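Visitor: Below are the chains, spelled out letter by letter.
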Amino acid sequence: MLFKKIGFRLIFAVALTSLIIIGVFAYFNIKSQSGSLISEVERHANQLGETVISSTRFDMMLNQRDRIQQTINSIGTQPQIRDVRIINKIGEIIYSSDPNNINKMVDKRTESCYACHSEDQPLEQISITERTRVFKVHPDSNRVLGIITPIYNGKSCWQAACHAHPQNQKVLGVLDVSISLAEVDKAIITREWEIVIFAIVAIIAVGLLIAFFVRRWVSNPVNDLLNATQQVSQGNLNYAIKNLGDNEIGKLGESFNNMTKKLSEARIQLFQSDKMASLGRLAAGVAHEINNPLTGVLTYSSFLLKRTKDNPELQEDLNIIVRETLRSREIVKSLLDFARQSVPKKHNANIIEIIDKAISVIESQLSIKKIKIIKQSENNLPPITVDSNQIQQVFINLFVNASDAISKDGGSITILTKQISLSPFGVAQIKKASCPKRHSLIDNDFKIDGLPALKVKVVSADKEEIIHLDPVYGKHRNQYNLVFNIDKNTKFVCPDCNSSLVQQGKICPECGAPVLAFEISGQGLYEVCSSVNSNWEKWDFVDSTGIKEYIEIRINDTGSGISKDDLPKIFEPFFSTKGQKGTGLGLAVIWGIIDNHNGTITVESEEGKGTTFIVRLPLTQQRQI
Amino acid sequence: MSKTANILVIDDEKVIIDGIVKICSLENYSIDVALNITTALEKISKHYYSIIICDIMMPDGDGFQILNELQTRNIDSALIMMTGYSTVENAVNSLYRGAIDFIPKPFTVDELLSSIYRANKYQQIKSKQERSYKDNKEVELFYVECPSKYYRLGHSSWLCEESDGSVLIGVCDFFLATIDSLMEIEFLELEDEIAQGISCFTIKSTDERIHKIHSPVSGRIIDVNKNLKLIPNLIEKDPYFEGWVYRVIPHDLGYEIKNLVPCSSDRM
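For the record, the sequence lines run as chains B and Y.
Heads up: the first sequence begins at 1 in our numbering, then just goes up one per residue.
Heads up: the second sequence begins at 1 in our numbering, then just goes up one per residue.
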């Protein structure tokens with residue numbers, strides 16, 4: 001259970017790593033330290049050997065054996081020295097600090113002798129390492145370092161009075177000094193313990209430190225996230241995670257908050273549109289249901305009215321029934337008008353007048369907030385075909401937004417109005433398209449960059465698939481997503497009636513593929529190459545209109561601006577920066593109105609400096625592009 | 001020419017059928033009824049009715065089925081649609097597809113009777129026309145067809161696009177041919193809003209009948225023909241040019257024109 005926790009696993013991994021690193025480090029540290037201790041002892045023993053030989057040399061010359069034995073005995077009494085002995089060339093111990101060993105024979109094949117006596121040849125000069133050996137007398141006893149020092153033949157030896165040694169003999173015997181390593185071993189063990197303790201302390205300290213940071217940076221935020229996801233899964237979409245810092249987990253928390261916000265917005269929106277839809281259905285249903293009984297009342301009462309022409313008294317009453325029923329008929333009619341989405345009622349209007357009316361509505365509000373309105377417009381702007389009530393609503397909304405963004409210290413709103421010309425290529429949107437049998441080819445369920453796409457059924461052998469074409473003329477962001485390849489026998493048909501959409505007798509001038517043709521109600525024919533690889537498209541109607549005239553209104557405020565993150569979202573329904581104060585419907589409704597007028601609305605903003613809304617309305621509405 | 005016509009009434013509400021039966025008895029029409037589309041189709045296959053009055057929305061189908069049946073079997077019955085207000089768009093579409101008129105529910109006796117009267121006249125003119133074709137005599141001109149660049153809503157009103165973006169609307173000569181000579185025209189006011197398929201002016205004929213003309217387009221009236229106000233008979237003399245009724249700024253011509261018949265197609 002504990003090991004399943006991410007924090008524990010991290011701590012475990014870090015502790016294991018530091019254990020391995022400290023262990024390897026300690027091993028090599030101890031090894032090098034004990035090596036240098038031993039070589040120190042070695043050097044010391046070698047020196048001792050040389051000293052013994054040189055101090056006994058004179059006695060040897062005089063062949064005073066007792067004195068030699070005495071010197072060796074006195075050296076051997078030193079505490080660290082275990083044994084000092086001199087062995088002659090035939091392997092007999094002739095002097096020793098341990099009297100029991102005197103006159104004993106040493107086997108030349110033992111390990112200590114083998115270095116020099118390999119292949120039965122006594123060697124002259126050998127290095128100090130080869131003369132040294134470390135061994136244990138018993139398995140339980142301390143380690144002992146033994147060093148053998150050869151006693152070379154000299155001129156004085158063979159010319160001495162005793163003349164015991166012949167001249168051709170090079171080595172006369174060896175001095176073997178053994179020194180106990182008990183002290184050294186003790187130091188090494190102490191060192192080992194020190195390192196083990198250091199390692200344990202270091203690992204615990206690292207573990208604790210890691211545990212602290214893991215808890216702070218990982219475990220706690222992850223638990224918060226976990227808790228939040230559980231809250232959301234239980235339906236609490238308003239749950240927001242508190243700030244988790246600026247690292248990846250913090251960003252995860254932010255995007256989680258964003259996601260739940262979006263979810264709850266979508267839920268509200270869904271609820272809202274569902275409500276509107278059911279209200280519309282209800283109204284239509286009620287109207288239809290009431291219409292029938294009303295028809296009964298109206299037909300019978302007007303029938304009676306006709307049959308009782310000779311009875312003025314009855315006529316008077318019947319007239320009232322007929323009149324009131326006709327009134328009910330109007331009420332039902334207006335109920336349905338209300339339930340329907342209102343169509344803009346467009347007429348020629350002066351844009352400057354509309355703006356002035358909008359300003360007059362909120363003028364008092366603006367003067368309270370010390371906001372100055374600056375108007376600049378081109379002279380002689382032509383009249384524009386719009387629903388002046390709706391457009392006025394747009395400007396009122398934009399001005400209110402601007403004044404909300406301006407702080408208490410006041411500021412200004414600049415309104416710039418001018419006439420501009422725009423080319424339709426890359427701008428014109430196909431809003432209605434149909435097959436030769438008048439079936440709509442607009443797919444409201446599939447959008448490319450937010451606009452409903454054109455749908456075409458592709459039939460190849462036994463397979464069929466729907467492809468989607470970009471509704472904006474000139475952008476060509478078509479989406480094919482086909483599982484099969486398009487070949488000569490592939491058909492492009494209307495999804496509803498299977499009538500072919502291929503333009504007979506015409507091929508794409510760029511690649512020779514068949515050309516698809518769509519009837520755009522009242523706006524001629526839109527042609528596009530059927531191949532995935534070609535960008536060829538043609539819409540004579542739009543091309544012939546050439547450059548279109550627009551009125552552009554720029555509304556610039558000196559307010560707080562809109563952050564880069566919020567900028568792409570501001571036209572979405574229910575997006576609001578005003579917290580509880582706003583409903584968030586304003587800009588979405590504005591967008592809808594402008595779109596209904598075949599215009600565009602865009603926004604530019606810099607945080608802290610202000611915002612500019614750019615509204616472009618086509619001069620004429622007759623043939624909408 | 002006898003006035004009686006053979007009428008089939010299709011509606012799922014007994015009270016409406018009974019009402020229509022009573023009203024029609026005022027003018028001595030012979031009447032048959034059907035409470036659903038299935039029975040109606042059966043009856044159509046057995047008998048010939050010169051006029052069929054059908055509710056556009058029925059529990060087991062819609063008026064378009066009757067329309068299709070008439071067209072596939074090549075029956076020349078005049079079809080009048082009855083509609084609730086919510087189905088005006090369907091009603092306008094039914095005109096495009098061959099119905100000759102529609103009456104929005106609820107309606108008065110006069111509204112229904114004038115519609116039946118016109119349908120009856122329509123049938124008479126059509127059969128006279130046919131006879132004149134058959135006899136191969138010199139073709140008699142019963143009414144003037146609208147000019148080829150015009151659009152018409154059924155046989156009642158026409159629309160003509162002007163270069164400044166406004167449209168002129170007026171009444172078709174065929175409609176005038178189906179009513180008695182004109183006595184009075186009742187106009188809407190300047191700046192009034194009109195909607196496609198909703199009555200936009202009324203013509204009172206000498207026989208005291210009131211005929212409502214469905215507007216071919218939605219929009220705002222910016223001009224009313226002053227000459228027509230002074231001399232109403234102008235509409236009968238020159239219904240397509242001097243006899244225009246309103247000048248209108250259309251709201252969404254591109255969309256609504258789909259339900260209008262291009263007059264050029266009449267000449268094929």
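Calculated from the structure, these hints are not laboratory results.
Be aware that a few hints might be false.
To be verified - Simulated restraints, written as ranges between beta carbons of each label pair:
hint	chain 1	residue 1	chain 2	residue 2	range
1	Y	T72	B	K262	51 to 59 Å
2	B	K463	Y	K258	29 to 37 Å
3	B	S544	Y	L230	39 to 47 Å
4	B	N223	Y	P59	55 to 63 Å
5	Y	T72	B	N258	54 to 62 Å
What you are looking at is a predicted structure, and each value in this text was computed from that prediction instead of being measured.
Think of the CB as a built atom: it goes at the ideal place given N, C-alpha and C, for glycine as much as any other residue.
Visitor: Given a hinted range of 55 to 63 Å, is it respected by the beta-carbon distance of B/N223 and Y/P59?
Guide: Cβ of B/N223 to Cβ of Y/P59: about 60 Å, so the range 55 to 63 Å holds.
Visitor: With respect to the beta-carbon atoms only, verify the hint that B/K463 and Y/K258 lie 29 to 37 Å apart.
Guide: For Y/K258 against B/K463, whose Cβ atoms are near 33 Å apart, the range 29 to 37 Å holds.
Visitor: Kindly confirm whether 51 to 59 Å is satisfied by the beta carbon distance between Y/T72 and B/K262.
Guide: holds (52 Å)
Visitor: Holds or violated: the 54 to 62 Å window for the beta-carbon distance between Y/T72 and B/N258?
Guide: holds (58 Å)
Visitor: How does the Cβ-Cβ distance of B/S544 and Y/L230 compare with 39 to 47 Å: does it lie in that range?
Guide: holds (42 Å)
In summary, the structure agrees with every hint in the numbered list given earlier.
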